[in-house]
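There are 2 protein chains.
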Amino acid sequence: MTVWDRPEPPTHPVPLDRERIVAAAIALADEGGLEAVSVRKVAARLNAGPMRLYGYISTKQELFDLMVDEVHAEILPEEQPGDWREALRVLAHHTRQAALRHEWLADLLGGRPTLGPNGLAVTEAALAALDGLADIDTVMRAVETVSAYFTGAIRREIANLRAERATGLSKRDWQRASGPHVTRMLATGRFPALAKAVYDGTDVDAETSFTTGLDWVLDAVAAKLTRP
Amino acid sequence: MTVWDRPEPPTHPVPLDRERIVAAAIALADEGGLEAVSVRKVAARLNAGPMRLYGYISTKQELFDLMVDEVHAEILPEEQPGDWREALRVLAHHTRQAALRHEWLADLLGGRPTLGPNGLAVTEAALAALDGLADIDTVMRAVETVSAYFTGAIRREIANLRAERATGLSKRDWQRASGPHVTRMLATGRFPALAKAVYDGTDVDAETSFTTGLDWVLDAVAAKLTRP
DNA sequence: TCTCATATCGATACACTGTATTTCTCCCTT
DNA sequence: AAGGGAGAAATACAGTGTATCGATATGAGA
Numbered sequence: 005m006t007v008w009d010r011p012e013p014p015t016h017p018v019p020l021d022r023e024r025i026v027a028a029a030i031a032l033a034d035e036g037g038l039e040a041v042s043v044r045k046v047a048a049r050l051n052a053g054p055m056r057l058y059g060y061i062s063t064k065q066e067l068f069d070l071m072v073d074e075v076h077a078e079i080l081p082e083e084q085p086g087d088w089r090e091a092l093r094v095l096a097h098h099t100r101q102a103a104l105r106h107e108w109l110a111d112l113l114g115g116r117p118t119l120g121p122n123g124l125a126v127t128e129a130a131l132a133a134l135d136g137l138a139d140i141d142t143v144m145r146a147v148e149t150v151s152a153y154f155t156g157a158i159r160r161e162i163a164n165l166r167a168e169r170a171t172g173l174s175k176r177d178w179q180r181a182s183g184p185h186v187t188r189m190l191a192t193g194r195f196p197a198l199a200k201a202v203y204d205g206t207d208v209d210a211e212t213s214f215t216t217g218l219d220w221v222l223d224a225v226a227a228k229l230t231r232p
Numbered sequence: 005m006t007v008w009d010r011p012e013p014p015t016h017p018v019p020l021d022r023e024r025i026v027a028a029a030i031a032l033a034d035e036g037g038l039e040a041v042s043v044r045k046v047a048a049r050l051n052a053g054p055m056r057l058y059g060y061i062s063t064k065q066e067l068f069d070l071m072v073d074e075v076h077a078e079i080l081p082e083e084q085p086g087d088w089r090e091a092l093r094v095l096a097h098h099t100r101q102a103a104l105r106h107e108w109l110a111d112l113l114g115g116r117p118t119l120g121p122n123g124l125a126v127t128e129a130a131l132a133a134l135d136g137l138a139d140i141d142t143v144m145r146a147v148e149t150v151s152a153y154f155t156g157a158i159r160r161e162i163a164n165l166r167a168e169r170a171t172g173l174s175k176r177d178w179q180r181a182s183g184p185h186v187t188r189m190l191a192t193g194r195f196p197a198l199a200k201a202v203y204d205g206t207d208v209d210a211e212t213s214f215t216t217g218l219d220w221v222l223d224a225v226a227a228k229l230t231r232p
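Protein chains in written order, with my numbering: chain A, 5 to 232; chain B, 5 to 232.
Simulated from the structure, these hints should not be mistaken for laboratory data.
We treat Cβ as the ideally placed atom computed from N, Cα and C, and that holds for glycine.
Nothing false has been slipped in among the hints.
Distance ranges between label pairs, derived from CB positions:
(1) B:ASP21 with A:THR63: 31 to 41 Å
(2) A:ARG188 with B:GLN65: 14 to 24 Å
(3) B:ARG44 with A:ASP34: 30 to 40 Å
(4) B:ASP135 with A:SER62: 51 to 61 Å
(5) A:TYR60 with B:ARG22: 40 to 50 Å
(6) B:PRO17 with A:ASP34: 43 to 53 Å
(7) B:GLN65 with A:LYS45: 18 to 28 Å
(8) B:PRO17 with A:GLN65: 33 to 43 Å
(9) B:GLU66 with A:LYS45: 21 to 31 Å
(10) A:PRO121 with B:GLN84: 39 to 49 Å
(11) A:PRO85 with B:GLU168: 32 to 42 Å
(12) A:LYS64 with B:ARG44: 18 to 28 Å
Construct all of the structure, not just a fragment, from the sequences and the given hints.
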């Protein structure tokens, strides 16, 4: 690789904005997880010096906030279904799908209040779906409850998915036989209910489990709405 | 601080075990959050060299796993209430209280499968509470749903609490008037439902909100149990 | 058009991180 | 008493987030 092969470096600094920075950071995170996102690497991907980013963000945490907000744009449904139940379901599933596309989202979900424009828009969509169907306090409680559920469920799903990938075993195999630790623990007899669950339970796929729990929670919300 | 004031360093290396290591790590995390936990600092607190710890754990992540499991010992109820509903409620509240005592727990909750002895014991307790009240699959779904809820709810609560501390404003004040960003966003009129919630909603304390949502979810579980 | 001021970008610097590897020291066995 | 082996400590490395500072390039003013 001689001088002649290499292009001259750009004389003008490459133009930058938050959008480009966030896109680069998301690309890095999609490829290598959250810990692959470093200020230096993001800057390098943009042909800029690391310190340059600090004109646009003042802390790495803020970069994460921007990334989360950016993904919330994917979560926001293009058009709001009329049915409140369907609206909340769509929000939950969109969030889950976003987390499957961007697994690092699971690490950040629920970790900080989402105050970016897209985050607020998602909250607005959730509140709007229930608007008028009950007093405002009930509506708030409903939104909080549903989103607490799917936040937790998504985190667990991704955590399990990573564990499966790391061990190369499906959750089932790994609990059943090949996971030395768990097998040993179950064999002690100290966890009879857990053993029964592992050995007698049918293992449903993650999406079904997610949907089932979601429907239960939505049922609960429905019950509170009808009785204001 | 002259030589004469300082005691001689111990000639024999201080004895170590996982328990001591985890206790030191938890103490550090309680004082300064998760990011205050570094291998060097944990080791220093034990009068040991950093590398010593790697005889007991093989990665820092494993230290976090041990910390989480240790806290699960606080979560486990000393005696199981007969009522399934009460049992799950206690589990949820104990988890919440543990997270209030150890805020760093919120950062880790749901992040990885909890396979330590105490983590398994907590899961066992949850499953045992519902054992026999429905088919095993329903029971599993119920436990998953409830724990997804309280995991998510606790994370949000801690996230809000930190935000309030950081700004010095209560969530209410901060949304209402003093939070420049949120105020500005609400003033745009793009978030009518959100604005209504902020201005017309009564702000309940975190515990009430937690309990309310939990009861809803438990209602949903109850509904599924009675109809097997 | 030339000079100076100001803003911005990049380089350097610092204190720290997790962890691999090497060096040393002390104890036990022969 | 000597040798060997285990385990602790020191060193080393490749990174990290971010403060600070020096150079540079661009705009304004004369």
